[in-house]
Amino acid sequence: MNRLNHLSTLKIDSSEKIPFKYKGRKYFGFKGDTIATALYSNGVRIYARSLKYHRPRGLYSLDGECSNTMMQVDGIPNVRCENTLLKEGMVVKEQNVKFSAKHDLMGFLDKLDWAMPAGFYYKTMHKPARMWPIAMKRIRKVAGIGKLAPDFKMPGKYDEIFPTTDVCVIGGGPAGMKAALVAAQRGLRVILMEARPWLGGHFEYRSAEYKDRQTFHDRAEQLAKEVEKKANIRVFTYTSMVGTYNNNLITGFQIGKETDFFDERYIEIRANAVVVATGCIERPLIFDNNERPGVMQVACALRLANTYGLLPGKNAVFSIGHDMGLEAAVTLYDLGLAIECIADIREDGQDQSLLKAVQERNITLFKGWVAAMAHGGKQVKKVTLTSIDGTVSKTLNCDLLVASAGMTPITGALTVAQAKLKYDSHSGFFLPTDLPKKMHAAGRLLGLDNGTAIEASGELAGLKAAHDCGSGSAAEIEEAKKELKNLPGLTQGTKFVTAPVKGRKSFICFDEDTTIKNIKQSIDKGFDVPELIKRFSGAGLGPGQGGIPGHNLPLYAAKYQAMPDISIKPTTVRPPLVPTMISTYAGTNHLMFKQTPMDAMQRKENGIFRNIGVWQRARYFSKDFSCKREIENVRNNVGMLDASTLGKFRIYGPDALKALQRVFVSDMSKVKKDRVKYSAMCNDDGCVIDDGVVVKRGENDYYFTTST
Numbered sequence: 001m002n003r004l005n006h007l008s009t010l011k012i013d014s015s016e017k018i019p020f021k022y023k024g025r026k027y028f029g030f031k032g033d034t035i036a037t038a039l040y041s042n043g044v045r046i047y048a049r050s051l052k053y054h055r056p057r058g059l060y061s062l063d064g065e066c067s068n069t070m071m072q073v074d075g076i077p078n079v080r081c082e083n084t085l086l087k088e089g090m091v092v093k094e095q096n097v098k099f100s101a102k103h104d105l106m107g108f109l110d111k112l113d114w115a116m117p118a119g120f121y122y123k124t125m126h127k128p129a130r131m132w133p134i135a136m137k138r139i140r141k142v143a144g145i146g147k148l149a150p151d152f153k154m155p156g157k158y159d160e161i162f163p164t165t166d167v168c169v170i171g172g173g174p175a176g177m178k179a180a181l182v183a184a185q186r187g188l189r190v191i192l193m194e195a196r197p198w199l200g201g202h203f204e205y206r207s208a209e210y211k212d213r214q215t216f217h218d219r220a221e222q223l224a225k226e227v228e229k230k231a232n233i234r235v236f237t238y239t240s241m242v243g244t245y246n247n248n249l250i251t252g253f254q255i256g257k258e259t260d261f262f263d264e265r266y267i268e269i270r271a272n273a274v275v276v277a278t279g280c281i282e283r284p285l286i287f288d289n290n291e292r293p294g295v296m297q298v299a300c301a302l303r304l305a306n307t308y309g310l311l312p313g314k315n316a317v318f319s320i321g322h323d324m325g326l327e328a329a330v331t332l333y334d335l336g337l338a339i340e341c342i343a344d345i346r347e348d349g350q351d352q353s354l355l356k357a358v359q360e361r362n363i364t365l366f367k368g369w370v371a372a373m374a375h376g377g378k379q380v381k382k383v384t385l386t387s388i389d390g391t392v393s394k395t396l397n398c399d400l401l402v403a404s405a406g407m408t409p410i411t412g413a414l415t416v417a418q419a420k421l422k423y424d425s426h427s428g429f430f431l432p433t434d435l436p437k438k439m440h441a442a443g444r445l446l447g448l449d450n451g452t453a454i455e456a457s458g459e460l461a462g463l464k465a466a467h468d469c470g471s472g473s474a475a476e477i478e479e480a481k482k483e484l485k486n487l488p489g490l491t492q493g494t495k496f497v498t499a500p501v502k503g504r505k506s507f508i509c510f511d512e513d514t515t516i517k518n519i520k521q522s523i524d525k526g527f528d529v530p531e532l533i534k535r536f537s538g539a540g541l542g543p544g545q546g547g548i549p550g551h552n553l554p555l556y557a558a559k560y561q562a563m564p565d566i567s568i569k570p571t572t573v574r575p576p577l578v579p580t581m582i583s584t585y586a587g588t589n590h591l592m593f594k595q596t597p598m599d600a601m602q603r604k605e606n607g608i609f610r611n612i613g614v615w616q617r618a619r620y621f622s623k624d625f626s627c628k629r630e631i632e633n634v635r636n637n638v639g640m641l642d643a644s645t646l647g648k649f650r651i652y653g654p655d656a657l658k659a660l661q662r663v664f665v666s667d668m669s670k671v672k673k674d675r676v677k678y679s680a681m682c683n684d685d686g687c688v689i690d691d692g693v694v695v696k697r698g699e700n701d702y703y704f705t706t707s708t
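Numbering of the sequence shown is given in the working numbering, commencing with residue 1 and proceeding in unit increments.
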């Protein structure tokens, strides 16, 4: 496939070809490609088969929100090819298929959906009792996605770092970069984390005008250069956040690029203040066959063209519910994509300048219409559109259906930190209402769509974070609030979820093959709240961690039960927000040890050493492992214990006793001055975690030890 090499937004280098293998054949991509975009450029449209029904799955998004492009790469299963950068010599294979993804012999399961209703594994094949163990083995053999070879050895180098900072900014889009710059300008140390390999967020791939004849892409580049110039901003790109914890502890992992010495790196950040600017993802539009290869989200189609130089198709139909869809249609039309029509679920509220651009290009626009069905066995060939009420329909030929119901905020970083969310009917967003101490939100996740307002919200969040660190920015914060108030506020959204269809093959969760029909079955059986529906139907339990069903599940559940907006609650999000390999958590093997004062003497006596924490201690001296000589010497003469490796702490002050009482199982109030008491420590769960002795040195003054 020919690339669009003239675009300023491209992130690929067409002068540098990268060879890789796919299904045993040699292919080429360009530097900057992901595995998925390299395969797309070589004509691959079916990447995988689904978990339960083995339906063909294609490129739907580019940020790893579902299992559609999961493949085996260099022996590692379940690699998200859509956001994994291509490297020379990669060996890519399909998984979860019999024969091939294009011709999967297990595809017949798609006809047996009637035998697999919601929760079928809880209630079928359990009687007689002897039948279930046999059935369970069969189900487990058929289910699953990737498999790990028994003799597989994990390749790569793994690193770990534990930086501290004044302000940690999660999200490298316009709001995140603005927040980082504002904090850095006040002399604070800043860490900026971004999941993609580059900064810019949703500005980075948009070629439309931002303001004053500057494009969104150019503005993103300008902000990124300003960030790069700041010596006190440490940038971690290609870094996904795993979780946020008490006292602003942030964990994540960074994927190494070709120039890095590591393949993956675990990062644990301790920050004084945190700014969350994670932006939005698209809320999928649900209709019949909404996951067929050839159906993709708006940002996926636009990024394929502007970032990777690939026209997503030849002849397209758009079914959208937000202005980004109109902008993408105009941009892609100008790049050479033929567009049959745009179906917009909104009757009104569209940006007037975008409506004018659509009209100038003679693109047909149907207001109040939506895609009802994608036709085609292994690739979209045509689409049926219908009015919102389902009374009128028409069918159009196409090889690409760009579909999106609206935008929804990425709130995982906030909710795992115990922030509260509330549904806002105007924007259609779950907005944060109660943030943890010293944590601030900015950007599109607040329901903002105007570029200037997004940047202003980042500036305000940066000032608040700086104030938390003692910069004294109270006056500037008030000024920033006034400025933001004068800019466009919450964008008008929609809570539209599904076209007027029965929903038998309308998928709300691609990972688990969960349909709208399955959600109805769950509710009808009494599982009537999103958390219970999720458990019973499986929606959101797959590798995407709920990325695709996300906020569609609570919205549809509320609609089906005719519940008021105030009752809509999203499901609980838990870390890890992005699945992480165990080898990344393990990090590297550190061979650095502390030595005790007796180390030289013990080595001279041929002591056998063991690793205990960061120390090396002599374990025994007998060559026959019996320790008989040591035992006899201790009994008849004297033994010496080297306790210098123990942890030694002094704790004093009015709350010293209270602190000891929280962790030690014994009553420390009974310890008298200059007396010693041995006890064990427990964690919050009541599990013993350590032991040691406590000495009372004086009033509210104690000395205690911990194990090595």
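Be careful, since some hints might not be right.
Unchecked claim - If you anchor each label on the Cβ, the simulated ranges turn out as follows: (1) M136 - E632: 53 to 63 Å; (2) E16 - T124: 16 to 26 Å; (3) Q352 - E478: 28 to 38 Å; (4) N633 - P155: 22 to 32 Å.
Read the hints as simulated data drawn from the structure, not as lab findings. All figures in this text were calculated on a predicted structure; none of them were measured in a lab. Quick reminder that beta carbons are idealized off the backbone N, C-alpha and C, glycines included.
Against the structure, the hints come out as follows:
1. The beta-carbon spacing between M136 and E632, approximately 57 Å, falls within the hinted interval of 53 to 63 Å.
2. The hinted range of 16 to 26 Å is not satisfied by E16 and T124, whose Cβ atoms lie roughly 54 Å apart.
3. A hinted range of 28 to 38 Å for the beta carbons of Q352 and E478 is consistent with their spacing of about 34 Å.
4. Checked against the hint of 22 to 32 Å, the pair N633 and P155 fails, with Cβ atoms roughly 49 Å apart.
When the structure is compared with the earlier hints, violations turn up for hints 2, 4 and for no others.
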